[in-house]
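Chemist: As a plain string of letters, each chain reads:
2 protein chains.
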Amino acid sequence: MKKIMVTIPVEDRHKEYLEKIGAGCEFYYVSPSDVTEEEVREAEIIIGNVSPRLLKNGKNLKWLQLNSAGSDNYCKPGVLNSGTVLTNATGAYGLAISEYLVGMTFMLQKKFYQYYENQLEHQWKDQGKVTSIWGSTVLIVGLGDIGGEFARRMKSLGAYTIGIRRTPGDKPDYLDELYTAEHLDEVLPRADIVSLSLPNSAATCHMMDERRLRLMKQGAFLLNVGRGNAIDTDALCRALKEGHLGGCGADVTDPEPLPADHPLWDAPRMVITPHISGQYHLPETFERIVRIAGENLEKFLAGRIDEMKNLVDFETGYRKR
Amino acid sequence: MKKIMVTIPVEDRHKEYLEKIGAGCEFYYVSPSDVTEEEVREAEIIIGNVSPRLLKNGKNLKWLQLNSAGSDNYCKPGVLNSGTVLTNATGAYGLAISEYLVGMTFMLQKKFYQYYENQLEHQWKDQGKVTSIWGSTVLIVGLGDIGGEFARRMKSLGAYTIGIRRTPGDKPDYLDELYTAEHLDEVLPRADIVSLSLPNSAATCHMMDERRLRLMKQGAFLLNVGRGNAIDTDALCRALKEGHLGGCGADVTDPEPLPADHPLWDAPRMVITPHISGQYHLPETFERIVRIAGENLEKFLAGRIDEMKNLVDFETGYRKR
Numbered sequence: 171m172k173k174i175m176v177t178i179p180v181e182d183r184h185k186e187y188l189e190k191i192g193a194g195c196e197f198y199y200v201s202p203s204d205v206t207e208e209e210v211r212e213a214e215i216i217i218g219n220v221s222p223r224l225l226k227n228g229k230n231l232k233w234l235q236l237n238s239a240g241s242d243n244y245c246k247p248g249v250l251n252s253g254t255v256l257t258n259a260t261g262a263y264g265l266a267i268s269e270y271l272v273g274m275t276f277m278l279q280k281k282f283y284q285y286y287e288n289q290l291e292h293q294w295k296d297q298g299k300v301t302s303i304w305g306s307t308v309l310i311v312g313l314g315d316i317g318g319e320f321a322r323r324m325k326s327l328g329a330y331t332i333g334i335r336r337t338p339g340d341k342p343d344y345l346d347e348l349y350t351a352e353h354l355d356e357v358l359p360r361a362d363i364v365s366l367s368l369p370n371s372a373a374t375c376h377m378m379d380e381r382r383l384r385l386m387k388q389g390a391f392l393l394n395v396g397r398g399n400a401i402d403t404d405a406l407c408r409a410l411k412e413g414h415l416g417g418c419g420a421d422v423t424d425p426e427p428l429p430a431d432h433p434l435w436d437a438p439r440m441v442i443t444p445h446i447s448g449q450y451h452l453p454e455t456f457e458r459i460v461r462i463a464g465e466n467l468e469k470f471l472a473g474r475i476d477e478m479k480n481l482v483d484f485e486t487g488y489r490k491r
Numbered sequence: 171m172k173k174i175m176v177t178i179p180v181e182d183r184h185k186e187y188l189e190k191i192g193a194g195c196e197f198y199y200v201s202p203s204d205v206t207e208e209e210v211r212e213a214e215i216i217i218g219n220v221s222p223r224l225l226k227n228g229k230n231l232k233w234l235q236l237n238s239a240g241s242d243n244y245c246k247p248g249v250l251n252s253g254t255v256l257t258n259a260t261g262a263y264g265l266a267i268s269e270y271l272v273g274m275t276f277m278l279q280k281k282f283y284q285y286y287e288n289q290l291e292h293q294w295k296d297q298g299k300v301t302s303i304w305g306s307t308v309l310i311v312g313l314g315d316i317g318g319e320f321a322r323r324m325k326s327l328g329a330y331t332i333g334i335r336r337t338p339g340d341k342p343d344y345l346d347e348l349y350t351a352e353h354l355d356e357v358l359p360r361a362d363i364v365s366l367s368l369p370n371s372a373a374t375c376h377m378m379d380e381r382r383l384r385l386m387k388q389g390a391f392l393l394n395v396g397r398g399n400a401i402d403t404d405a406l407c408r409a410l411k412e413g414h415l416g417g418c419g420a421d422v423t424d425p426e427p428l429p430a431d432h433p434l435w436d437a438p439r440m441v442i443t444p445h446i447s448g449q450y451h452l453p454e455t456f457e458r459i460v461r462i463a464g465e466n467l468e469k470f471l472a473g474r475i476d477e478m479k480n481l482v483d484f485e486t487g488y489r490k491r
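In the order they appear, the protein sequences are chains C and R. Residue numbers for the first sequence, in the numbering used here: 171 to 491. Residue numbers for the second sequence, in the numbering used here: 171 to 491.
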């Protein structure tokens, strides 16, 4: 009888769904912050993130289904036994975060944040010209589920879409152009909107440094939902102060959380949200995580490992396919 | 030699475009606030809005091309000579205002205004659950160019779209359901988002009164870009204070401009912009107005009046087709 530990905050109907698929297995439900070494030791399957520190006790662990899209903390040597299957929740977050990105684009383009600040002061005051998604060129850096869903939405709203991905691949319909990362410098000056949806890695850290921020078009907008350190924060503050950028909308910062006395809070045309675009803030995100877990559970129990969704390649930290 | 007065703020390239179409006509360019009685008297064609008060001097006026989408002020008896052709600029504003509406929907759904208020106080603070356009039901009241373009965008982002129009007609592809105005009460309780894009008329004044605001679903969002008086402002303040609505985003208010001491400024979950969604804030709007004027000029000069765009029916104030 396989023991399955579930650390995601399931409701009764989710339990029913999972337990039907895993009929005959023993399920136990634990809050991630309450997980004990003993509970990890017993688990053959874990559904949900668990502190990597605890996983070295996972002697029986055969499969870990993460609830996060990022999996870099679980790919490091010594965290999981060799041969453990690791799957992440890529695909669950695309809806919530791509909508956030479209909304943030409009927040900046239509100057809604300036109008809201005026509203707080009871000021009926025209802030002048705006721009549109229609007819704009958007550069999407990182074409996972989130970047792809964002590109699709921007295309449907009339934008010209250029994608940058790590490895070569076929161009999907919702992209007008597709390049690999080494072409970033060439396409940056063409974009009215640059969106970063990148995992944390050595290659993405400070990808938007001083030089690249200045390669951006005067008045262009920068969005970041991946990891705060994809942008050099000091260089960003300068680019905003000097008026080079039309604005920046970021759900992630470096450092994070942003200290109350950090200059980024008051940088002109900067809009900050506190890492809320994903998580479970949109209820549908959680439903999608449970569905990924359920479909993977069915395949794992049937021994069809190769057919599981979002199998992580330990070498790259990315999905295998 | 026909005399054409142009009151829209054209650049040289726009003048070239219009004068090529109206070769042989005499063009004169005047700012709307500087127009004299004499200038109106001389004009056979006017491109751009002119104070209705001045138009009684328009003895020679054969055609007035408005730069506004609304034309109610020009349909009143005595403003224009009988037989004068009146065309408006419907079609020019759909892009700018429908993007505004999508952006305002996200502003409310993703709580961007709350996060921006937190940012002004340097607060890194989670505001909890959000909702999505995907999977939501949106009710579009008023299906002119603006309502139609908004419906199209919401549909492409995954919403279920219900339209309300004044007169019966064929259901366009971007609507899932279509009703005439007398069915408003039946569909209001089904909508997560209600958007008003209505002209000013006796039928639309206080269309959203206390009773109808309460017919809206608990937590639903209300948007208004037409005329401020489509909503009963006092009833709206109450509905927001009592927490019945999830939020309201309005580019128009009643009264307008909103006085600094008006309670609507501070109503909870209220987002106000100062009638900026249209006008010429998006440069493409102006380009579209000039194109409509140019295409209509060509047809007017060729005597093909029936083929002109946006011919206004003086009885209803709406387009004839």
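Don't take each hint at face value.
You can't tell identical chains apart in this list, so a pair holds if it fits in one copy or across any two.
As the list claims (entries may be wrong) - The list that follows gives simulated cross-link-like pairs (lysine-lysine, DSS-like), each with its CA atoms no further than 30 Å apart:
| no. | residue 1 | residue 2 |
| --- | --- | --- |
| 1 | 232 | 325 |
| 2 | 232 | 295 |
| 3 | 387 | 411 |
| 4 | 295 | 173 |
| 5 | 341 | 325 |
| 6 | 229 | 299 |
| 7 | 295 | 190 |
| 8 | 295 | 469 |
| 9 | 479 | 299 |
| 10 | 299 | 190 |
| 11 | 185 | 299 |
| 12 | 172 | 325 |
| 13 | 190 | 387 |
| 14 | 299 | 325 |
Because the hints were derived from the structure by calculation, they are not lab data.
Chemist: Now look at each hint and say whether the structure bears it out.
Modeler: Checked hints:
| no. | hint | in the structure |
| --- | --- | --- |
| 1 | 232 - 325 | neither (41 Å within a copy, 43 Å between copies) |
| 2 | 232 - 295 | neither (61 Å within a copy, 38 Å between copies) |
| 3 | 387 - 411 | within (15 Å within a copy, 44 Å between copies) |
| 4 | 295 - 173 | neither (62 Å within a copy, 37 Å between copies) |
| 5 | 341 - 325 | both (14 Å within a copy, 25 Å between copies) |
| 6 | 229 - 299 | neither (62 Å within a copy, 37 Å between copies) |
| 7 | 295 - 190 | neither (59 Å within a copy, 38 Å between copies) |
| 8 | 295 - 469 | neither (59 Å within a copy, 40 Å between copies) |
| 9 | 479 - 299 | between (46 Å within a copy, 27 Å between copies) |
| 10 | 299 - 190 | between (57 Å within a copy, 29 Å between copies) |
| 11 | 185 - 299 | between (52 Å within a copy, 22 Å between copies) |
| 12 | 172 - 325 | neither (46 Å within a copy, 45 Å between copies) |
| 13 | 190 - 387 | neither (54 Å within a copy, 35 Å between copies) |
| 14 | 299 - 325 | both (23 Å within a copy, 27 Å between copies) |
The structure does not agree with the numbered hints 1, 2, 4, 6, 7, 8, 12, 13 stated previously, though it agrees with the rest.
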